[in-house]
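Trainee: Here are the chains, one letter per residue:
Number of protein chains: 2
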Amino acid sequence: MIPRKVRIIEVGPRDGLQNEKKLVPTLSKIEFIKDLHAAGLSEIELTSFVRADRIPQLNDSAEVFSAVSKIDGLDLNKCPVLVPNMRGFENAISAGVKRVALFTATSEKFNKNNINCTIDESLKKLSAVAKECSKQNISIRGYISTVFGCPYEGKKTSGDLERIIKTLLDLGVDEISLGDTIGVATPRDIEKILDNVLQYTPTKKIAMHFHDTYSRALANVYASLKYGIAAYDTSAGGMGGCPYAKGASGNLATEDLISLLTELDIEHGVNLDLIVKASAKVLDGLGSNSLSKVHQVVANG
Amino acid sequence: MIPRKVRIIEVGPRDGLQNEKKLVPTLSKIEFIKDLHAAGLSEIELTSFVRADRIPQLNDSAEVFSAVSKIDGLDLNKCPVLVPNMRGFENAISAGVKRVALFTATSEKFNKNNINCTIDESLKKLSAVAKECSKQNISIRGYISTVFGCPYEGKKTSGDLERIIKTLLDLGVDEISLGDTIGVATPRDIEKILDNVLQYTPTKKIAMHFHDTYSRALANVYASLKYGIAAYDTSAGGMGGCPYAKGASGNLATEDLISLLTELDIEHGVNLDLIVKASAKVLDGLGSNSLSKVHQVVANG
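The listed protein sequences derive, respectively, from chains R and D.
The working numbering numbers the first residue of the first sequence as 10 and each following residue consecutively.
The working numbering numbers the first residue of the second sequence as 10 and each following residue consecutively.
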């Protein structure tokens with residue numbers, strides 16, 4: 010039942026850096042992506058085409074994308090770029106993006122606060138972008154946030170997960186990443202959600218996106234592995250923190266996942282030491298330390 | 010299958026502090042134990058009667074024990090004190106100890122390095138102490154270290170776990186704590202070991218002792234909960250670090266376990282905020298920060 014091979018979708022350059030307050034120089038971002046690719050990661054979320062005033066950290070997305078698209082061996086068809094709306098999509102396409110990530114959430118309040126629209130409105134926007142993708146042969150990854158809890162609504166969110174997933178599948182999204190945005194999920198929640206979701210979704214279309222706010226990310230990974238889920242989003246160094254809890258961890262660290270997978274004899278193709286080096290370089294620049302325990306052990310070892 | 014109620018055995022004052030290099034003043038230790046008890050913990054490993062030159066941090070064990078034995082409501086029959094040998098046992102008994110913790114390991118090399126004897130020799134010593142306990146009506150908790158891996162022998166250790174457990178049970182040990190001394194266990198290892206151990210050991214006699222070196226402690230807790238295991242050793246603040254990996258986490262933090270149990274609706278009777286306050290006080294004195302993610306969120310929240 011546990012998969013013999015797992016895909017790691019590295020979200021550090023986008024989801025990780027996005028939550029870091031101190032700006033990372035463009036050249037460091039480009040080097041970071043090069044390093045991650047050299048460490049064996051082939052699916053890297055490269056950046057996001059958002060309004061510069063909304064997320065200043067990512068206002069150099071066109072420049073970053075242009076530079077990393079020249080990295081030898083990096084397959085842009087496997088590297089999503091986040092786009093929030095049609096305008097972002099158009100900018101991404103102009104830049105040469107081949108795969109986009111679109112997002113919504115299961116919480117009305119989260120969508121309202123995050124992208125100022127209802128779930129239905131967000132699905133409408135997303136649908137318009139998806140139709141363009143289909144015309145232009147651009148593949149789509151879908152994110153659903155707050156699946157296990159919301160900073161505004163708590164653990165039980167207002168939206169209908171099944172309806173959202175089915176809408177995304179109908180729009181041609183080839184993978185849906187279920188996000189535990191605030192890190193509150195327990196393995197029991199994973200079991201409950203996957204028991205339901207896998208009734209109407211092929212297992213190979215589901216990825217899990219965990220945050221390690223309460224140290225439960227790997228417990229949730231193991232619960233997901235038992236359902237055969239073979240795709241996980243991680244951030245090198247566990248970078249990013251959590252905008253909803255001061256001092257808290259953000260995304261599950263790539264290092265922590267790799268270490269567990271190796272110990273479970275699950276193939277992943279990523280070199281742990283090189284990931285530690287890649288993230289340490291960026292963290293040094295930020296003047297911060299990794300919250301990943303595996304990173305600490307390797308870096309100090 | 011998952012128990013509705015879990016016992017937490019707080020090992021911070023012994024296992025936690027023992028690995029801290031900076032000496033904690035006796036009065037701070039006493040206050041720490043008072044605070045832990047006030048937070049709802051009823052089973053606290055109070056100290057260890059060891060040779061002062063071996064573990065300077067615990068050379069005030071008689072004084073600490075004498076003071077905390079006056080804490081209103083603290084039941085000494087539930088609070089173990091670690092003793093390495095007959096001499097330690099005699100000192101503990103003179104101090105008024107009612108429950109002792111004895112230990113061995115599944116690794117010949119670990120026992121050799123740690124207590125300078127073979128597994129068989131350690132069981133012999135332990136047996137002599139256990140016989141005295143029985144005569145004097147002292148209850149015994151047993152620790153088995155390196156069950157999932159050893160700093161010297163790796164993941165497959167030389168000793169025969171079944172023989173060690175059966176010996177301890179025959180000696181009248183009422184609980185056996187299975188230790189992942191270096192934090193290398195995965196949930197799959199837990200499943201493998203418990204599938205075996207629970208064939209010859211009553212579930213209620215097994216406790217789990219996890220270290221969070223690679224962030225896997227809670228994943229291992231959840232795997233154990235599924236086997237009905239209802240007793241877990243933790244250390245407030247995750248204090249102690251790991252003597253075998255620089256910069257690494259030590260024992261599973263009490264905070265991290267409590268947070269998971271609460272979310273799973275498993276009764277534990279401990280107040281999270283008070284544990285954070287109790288450990289923060291000691292950590293402040295040590296000039297260090299908690300490596301527990303839950304501690305960080307609560308302390309900064």
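There could be a bad hint or two in this list.
Distance condition first, Cα-Cα at most 25 Å in a straight line; then the derived PhoX-like pairs of lysine-lysine [stated by the list, open to error]: (1) R:K201 / R:K14; (2) R:K235 / D:K286; (3) D:K14 / R:K201; (4) D:K286 / R:K255; (5) R:K14 / D:K201; (6) R:K286 / D:K87.
For the record, the hints were derived by calculation from the structure and aren't laboratory data.
Trainee: Confirm or reject each hint.
Mentor: The hints, checked one at a time:
Straight-line distance between C-alpha atoms of K201 of chain R and K14 of chain R comes to about 24 Å, which keeps the hinted pair within the 25 Å bound. Distance hint between K235 of chain R and K286 of chain D is unfulfilled; the C-alpha atoms sit about 37 Å from each other, more than 25 Å. Taking the CA atoms of K14 of chain D and K201 of chain R, the gap is near 21 Å; set against the 25 Å cutoff, the hint holds. Distance check on the hinted pair: K286 of chain D and K255 of chain R sit about 17 Å apart at the alpha-carbon level, within 25 Å; holds.
Restraint check for K14 of chain R and K201 of chain D: the C-alpha separation of about 21 Å stays at or below 25 Å, so the hint holds. In summary, the hint linking K286 of chain R to K87 of chain D is not supported, as the alpha carbons are separated by about 47 Å, beyond the 25 Å threshold.
Hint violations for this structure: numbers 2, 6, all remaining hints satisfied.
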